[in-house]
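*Asks:* Chain order of the listed sequences is A and B. So the first sequence is numbered by this note's numbering: it starts at 128 and just counts up by one. So the second sequence is numbered by this note's numbering: it starts at 3 and just counts up by one.
No wet-lab data here; the hints were simulated from the structure. You may find that some hints are simply not true.
List time: in silico DSSO-like cross-link candidates among lysine-lysine, alpha-carbon distance up to 30 Å [as the list claims (entries may be wrong)]:
id: 1; chain 1: A; residue 1: K204; chain 2: A; residue 2: K176
id: 2; chain 1: A; residue 1: K195; chain 2: B; residue 2: K54
id: 3; chain 1: A; residue 1: K226; chain 2: B; residue 2: K69
id: 4; chain 1: B; residue 1: K69; chain 2: A; residue 2: K195
id: 5; chain 1: B; residue 1: K43; chain 2: A; residue 2: K183
id: 6; chain 1: A; residue 1: K187; chain 2: B; residue 2: K69
id: 7; chain 1: B; residue 1: K46; chain 2: A; residue 2: K195
id: 8; chain 1: A; residue 1: K179; chain 2: B; residue 2: K21
id: 9; chain 1: A; residue 1: K176; chain 2: B; residue 2: K46
id: 10; chain 1: A; residue 1: K187; chain 2: B; residue 2: K43
id: 11; chain 1: A; residue 1: K176; chain 2: B; residue 2: K43
id: 12; chain 1: B; residue 1: K69; chain 2: A; residue 2: K204
id: 13; chain 1: B; residue 1: K11; chain 2: A; residue 2: K183
id: 14; chain 1: A; residue 1: K226; chain 2: B; residue 2: K54
id: 15; chain 1: A; residue 1: K179; chain 2: B; residue 2: K43
id: 16; chain 1: A; residue 1: K176; chain 2: B; residue 2: K21
id: 17; chain 1: B; residue 1: K54; chain 2: A; residue 2: K204
id: 18; chain 1: A; residue 1: K195; chain 2: B; residue 2: K43
id: 19; chain 1: A; residue 1: K234; chain 2: B; residue 2: K42
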Amino acid sequence: GNSVTQMEGPVTLSEEAFLTINCTYTATGYPSLFWYVQYPGEGLQLLLKATKADDKGSNKGFEATYRKETTSFHLEKGSVQVSDSAVYFCALSLYNFNKFYFGSGTKLNVKP
Amino acid sequence: DTAVSQTPKYLVTQMGNDKSIKCEQNLGHDTMYWYKQDSKKFLKIMFSYNNKELIINETVPNRFSPKSPDKAHLNLHINSLELGDSAVYFCASSQVTSGSSYNEQFFGPGTRLTVL
């Protein structure tokens, strides 16, 4: 089947710390991979995406590389800010399909 | 301009009542979705409509009935509300194009439903 597994949260970091949120997937085809972010009280927003193996998605200092050999799409940021505090969702979508498979979300708390 | 909008933003009601949540998108997308997010932030798809046709109907009680009057609107009607229906409901839309390798979804701001 198709599924996404994320590391459990919450993750608590101090400002300027390095962030990694792990995400692995299983898929029956060749998925596209996404990271969405949900700020408190808001809907989900696309943070970055990668559509094929070895692609690197990046946005706002966040990066994730599509690793087919390890079926992973880990989210990283070199220096987090308090404003990055949010819930982060990893997701996959299959070619021509309408359905997204979301991970369970990882809450990030960044302290000043 | 708001891409995906939902009304109301908050909905507080008594058990047993019937309520509706409305969703509209102005992105010209052909596919719309309803998701339920529980208190632990777990996001579960409920329904998906493509060009007004139901294409995804997950295991959802039949008290929940989606209605799509046109491509830009997908409403969710809930009968006989129960305590367990309390959650945040998100509408989303995407353009599912044949031959495309992905279909990014755009989410609305959510409707927080509280059943007392």
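*Asks:* All hints, please: hold or fail.
*Replies:* Hint check results:
The hinted pair formed by A/K204 and A/K176 meets the criterion: a straight-line CA distance of about 15 Å does not exceed 30 Å. For the proposed pair A/K195 and B/K54, the alpha carbon gap of about 35 Å is over 30 Å, so the pair is violated. At most 30 Å may separate the alpha-carbon atoms for a hinted pair to count; A/K226 and B/K69 meet this at roughly 19 Å. A distance of roughly 39 Å separates the Cα atoms of B/K69 and A/K195; the hinted pair therefore is violated under the 30 Å criterion.
The suggested pairing of B/K43 with A/K183 holds, with an alpha-carbon distance near 27 Å, which does not exceed 30 Å. Of the supplied pair hints, the one linking A/K187 and B/K69 is violated, its CA atoms being roughly 37 Å apart against a limit of 30 Å. Of the pairs offered as hints, the one joining B/K46 and A/K195 holds, with about 25 Å between alpha carbons and a cut-off of 30 Å not exceeded. Restraint check: the Cα-Cα separation between A/K179 and B/K21 comes to about 42 Å, which exceeds 30 Å; the hinted pair is violated.
A C-alpha spacing of about 20 Å is found between A/K176 and B/K46, which places the hinted pair at or below 30 Å, so the restraint holds. For the hint pairing A/K187 with B/K43, the CA-to-CA distance comes to about 23 Å; that is within 30 Å, so the pair holds. Among the hinted pairs, A/K176 with B/K43 is consistent with the structure: their alpha-carbon atoms are about 21 Å apart, no more than 30 Å. Our distance criterion of 30 Å between C-alpha atoms is broken by B/K69 and A/K204, whose separation comes to about 41 Å.
With a CA separation close to 35 Å, the supplied pair B/K11 and A/K183 exceeds the 30 Å bound. For the hint linking A/K226 to B/K54, the alpha-carbon distance of about 16 Å falls within 30 Å, and the restraint holds. Distance restraint check for A/K179 and B/K43: the Cα-Cα separation of roughly 28 Å lies within the 30 Å cut-off, and the hinted pair is therefore satisfied. For the hint linking A/K176 to B/K21, the alpha-carbon distance of about 36 Å lies beyond 30 Å, and the restraint is violated.
Distance check on the hinted pair: B/K54 and A/K204 sit about 40 Å apart at the alpha-carbon level, beyond 30 Å; violated. The suggested pairing of A/K195 with B/K43 holds, with an alpha-carbon distance near 27 Å, which does not exceed 30 Å. For the suggested pair A/K234 and B/K42, the alpha carbons sit about 10 Å apart, so the restraint of at most 30 Å is met.
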